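Chains as they are written, first to last, in the working numbering: chain A, 1 to 378; chain B, 1 to 378.
Since the hints were made in silico from the structure, they are not lab data. Quick caveat, the model's predicted, so the values are computed rather than measured. Yeah, the Cβ is synthetic: ideal placement off N, Cα and C, and Gly gets one too. Treat the hints loosely; a few may be bogus.
Within a straight-line C-alpha distance of at most 16 Å, the following computed EDC-like cross-link-like pairs (lysine to aspartate or glutamate) qualify [claimed, not checked]:
id, chain 1, residue 1, chain 2, residue 2
1, A, K68, B, D9
2, A, K224, A, E189
3, A, K145, B, E269
4, B, K290, B, D179
5, B, K365, B, D254
6, A, K270, B, D138
7, B, K68, A, D9
Computed from the model, here is a short list of chain B residues facing chain A with C-beta under 8 Å [to be verified]:
id, residue
8, A76
9, D80
10, V88
11, G90
12, R141
13, T262
14, I264
15, D285
16, T314
17, N317
18, R336
19, V339
20, C351
21, W372
22, Y376
23, G377
Protein chains: 2
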Amino acid sequence: MRPMLSTLDTPAALVDRERLARNIARMQSRLDSLGVKFRPHVKTTKCIEIARAQLEAGARGITVSTLKEAQQFHAAGFDDILYAVGLVPGKLQQVLALRQAGCNLKVITDNAAAAAEIGRAAREEGITLEVWIEIDTDGHRSGVKPESAQLIEVGRALVESGAVLGGVMTHAGSSYDLDTPEALAAMAEQERAGCVRAAERLREQGWACPNVSVGSTPTALSAKSLPGVTEVRAGVYVFFDLVMANVGVCAPQDIALSVLTTVIGHQPEKGWAIVDAGWMAMSRDRGTQKQRHDYGYGQVCGEDGNVLPGYVLTGANQEHGILSREGAKDEDIEKRFPVGTRLRILPNHACATGAQFPQYEAVGKDGAVVTWPRFYGW
Amino acid sequence: MRPMLSTLDTPAALVDRERLARNIARMQSRLDSLGVKFRPHVKTTKCIEIARAQLEAGARGITVSTLKEAQQFHAAGFDDILYAVGLVPGKLQQVLALRQAGCNLKVITDNAAAAAEIGRAAREEGITLEVWIEIDTDGHRSGVKPESAQLIEVGRALVESGAVLGGVMTHAGSSYDLDTPEALAAMAEQERAGCVRAAERLREQGWACPNVSVGSTPTALSAKSLPGVTEVRAGVYVFFDLVMANVGVCAPQDIALSVLTTVIGHQPEKGWAIVDAGWMAMSRDRGTQKQRHDYGYGQVCGEDGNVLPGYVLTGANQEHGILSREGAKDEDIEKRFPVGTRLRILPNHACATGAQFPQYEAVGKDGAVVTWPRFYGW
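In isolation and in its complexed conformation, chain A is listed as follows (with noise of 0.2 Å):
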């Protein structure tokens, strides 16, 4: 029997095949029009098929998160990858197994100590090795900064210990935390003049620093131009969620991943329906907690997968979501879910939502459902 949507067991991770599409189509014009190579970050899905369709679409190679990310799609033929989190000297070993078996793994630093150790160790074992040098355009997270002592330190620790100084690259995740397409566009241009700045002055050492890479959904989405940006980054683009409808580069019903759940439950005196969605499947993501609209732990939909404007889940236990109206109590919510009732609940952040799940189950417009698996761990 043909596995159809409407045979699903609940919960389950559905991914909308149609809007999917789109999103991939979307990002990639957009890129090709800005004259920029894309490398589509896989650690939102890691989902063979998933990746395959953004390669398909005109991607070049792939992000990773994690050295599991990048060993399974290495083995499934994914060939050039980049390793954005980090290097440290304990993780060597992995990575030049990798390199050994053939992958093209490019690894990042931001810390001249670990860098001139990398080197040294990958030359030891006869390998070269790329490195890029992780740049810190807006304060969040990791990497050294353009106008930086640092960024000169880590360059020269790199070429001194034979390993190839092969770009820079920049997350500006702190555009996660805006909302306007004003604020949008000026943090795509400071991540943008950040990262050319910084290959500017390796270059001016001497050092060839061809890749200059840099992004995130919301700047991918918001940038004017990008001139001296070699390639663009980003993730959750493919899926969307509750927190870039927040930001405002979707819309809801844009949103590719859901889950299917079930009523089982009421208690009408508080207008509450339960279902099978708790945190497990949605994850305890409160992305949206602090932005524009709340959505608790994810916006209701019919099973369909039309948006029911003012249903949301307001409270998660592991194996019970709490679903109920926003503002005024719903008097009816018996009647208008029954026990039995199924809905799709879109999520905050696709990115952990879909990490509770060992594999998506895609939907074609006709309700038919083909499996696609998802791994997970290190």
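Here the structure of chain A is known, so what remains is to put chain B in place on it, guided by the hints.
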């Protein structure tokens, strides 16, 4: 080579075997002395090895939160299983398949229509299904009130449809919001009294209702006496976590689950160290946010497991954690935690953090490691 703590890749989910054994013994001896059976909730660990240790210590049967848990534990030889999430007719075929495979699986409901449908459908398959009624003793989630007309309606629907009314069960989850011994003892008594009263009302109808099941980790550890109760359920006690430390039922040094992590960088002018345990490892759970001590994303300990007072994860991205000192910035963060330093992070919520990992690394006193798989999904 024998796997050792010192050679584990990071991040990893560590279980301190001494603390685990102590936590198991503490709860079992407490419930033994209260004269009730103990049915641990295995949703916390989803790990066969740990559940076996709980049974060996004296537990009788297990509680599960998903039918996948029921399937996996039954396949591993566990038989007496309570599925403690309200059953909807759509999941009945999975339940009946487990019963036909010989599993002594009991289910719960709080809805008369669902009860009638469940009983009828089971009878049609020639299966007598044991159903317990979920009681609401604290208003935090599901269940029927002990004094409600619905209680009798659900009981009648079960009896008339041919199901076996096996008992009543309740979970005073609002105990998680308390933090004094007096309030916890009062909540334990409220949970007990409400559940026993519900059983009495059902027995007045002439129905046997042999089982009276109550519990949450805080109330199980706070009840003064449990007359009328036949069994207690609790889950998170097996690991404990920072939420439970704030509730006051354990100390941080009792917490048996931690995330092993490595320092991968710094932002010295901010007093930050960056570690490779982000929210993908810790989970997005911020359960201590509104408690007396907000631990951010977790309490920092040395690799040896000793708490480093004042150091917490103040922020988290997917694979990056931001470690800093509470209160005044640590000017010596780079010297205190050089790149490559290995640390343990105690979690806010052990059920959520454990779920991020495919396996536990169980560490003995000598640093030797045994790997215990855990499963996930539905």
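These are the hints, each one checked on the structure:
The suggested pairing of K68(A) with D9(B) holds, with an alpha-carbon distance near 11 Å, which does not exceed 16 Å. A threshold of 16 Å between alpha carbons decides the hint, and for K224(A) with E189(A) the separation of about 8 Å falls inside it, so the pair holds. Between K145(A) and E269(B), the direct Cα distance comes to roughly 12 Å. Compliance with the 16 Å bound is thereby established for this hinted pair. Taken as a hint, the K290(B) and D179(B) pair is honoured in the structure, with Cα atoms around 12 Å apart against an allowance of 16 Å.
With a C-alpha separation of about 15 Å, the suggested pairing of K365(B) with D254(B) holds against the 16 Å cut-off. This hinted pair checks out: K270(A) and D138(B) have alpha carbons roughly 13 Å apart, not beyond 16 Å. The suggested pairing of K68(B) with D9(A) holds, with an alpha-carbon distance near 11 Å, which does not exceed 16 Å. Residue-level restraint check for A76(B) is violated (minimum Cβ-Cβ distance to chain A is 19 Å; threshold 8 Å).
Of the supplied interface hints, the one on D80(B) is violated, with its beta-carbon coming no nearer than about 20 Å to a beta-carbon of chain A, more than 8 Å. About 5 Å separates the beta-carbon of V88(B) from the nearest beta-carbon of chain A, less than 8 Å, and the hint is met. Using the Cβ-Cβ criterion of 8 Å, the hint placing G90(B) at the interface with chain A is satisfied: the shortest such distance is roughly 6 Å. The beta carbon of R141(B) is positioned within 8 Å of a beta carbon in chain A (closest approach about 6 Å), and the interface hint is therefore held.
Because the smallest distance between the Cβ of T262(B) and any Cβ of chain A comes to about 6 Å, under 8 Å, the interface hint for this residue holds. Taking 8 Å as the C-beta contact cut-off toward chain A, the hint placing I264(B) at the interface holds, the least distance being around 4 Å. Contact between D285(B) and chain A, as hinted, is supported at the beta carbon level, the nearest pair being about 4 Å apart and thus within 8 Å. The closest approach between the C-beta of T314(B) and any C-beta of chain A is roughly 12 Å, which is over the 8 Å cut-off, so the hint fails.
With a least beta-carbon distance of about 6 Å to chain A, the hint placing N317(B) at the interface is held under the 8 Å criterion. With 8 Å as the threshold, the beta carbon of R336(B) stays out of range of chain A, its nearest partner Cβ sitting at about 16 Å, so the hint is violated. Because the beta carbon of V339(B) sits about 5 Å from the nearest beta carbon in chain A, less than 8 Å, this interface hint is met. The interface hint given for C351(B) is met, as the beta carbon of that residue sits about 6 Å from the closest beta carbon of chain A, less than 8 Å.
The interface hint given for W372(B) is violated, since its Cβ lies 14 Å from the closest Cβ of chain A, which is over the 8 Å cut-off. At about 7 Å, the closest approach between the beta carbon of Y376(B) and any beta carbon in chain A falls short of 8 Å, and the interface hint on this residue holds. This hint holds: G377(B) has a C-beta 4 Å from the nearest C-beta of chain A, less than the 8 Å allowed.
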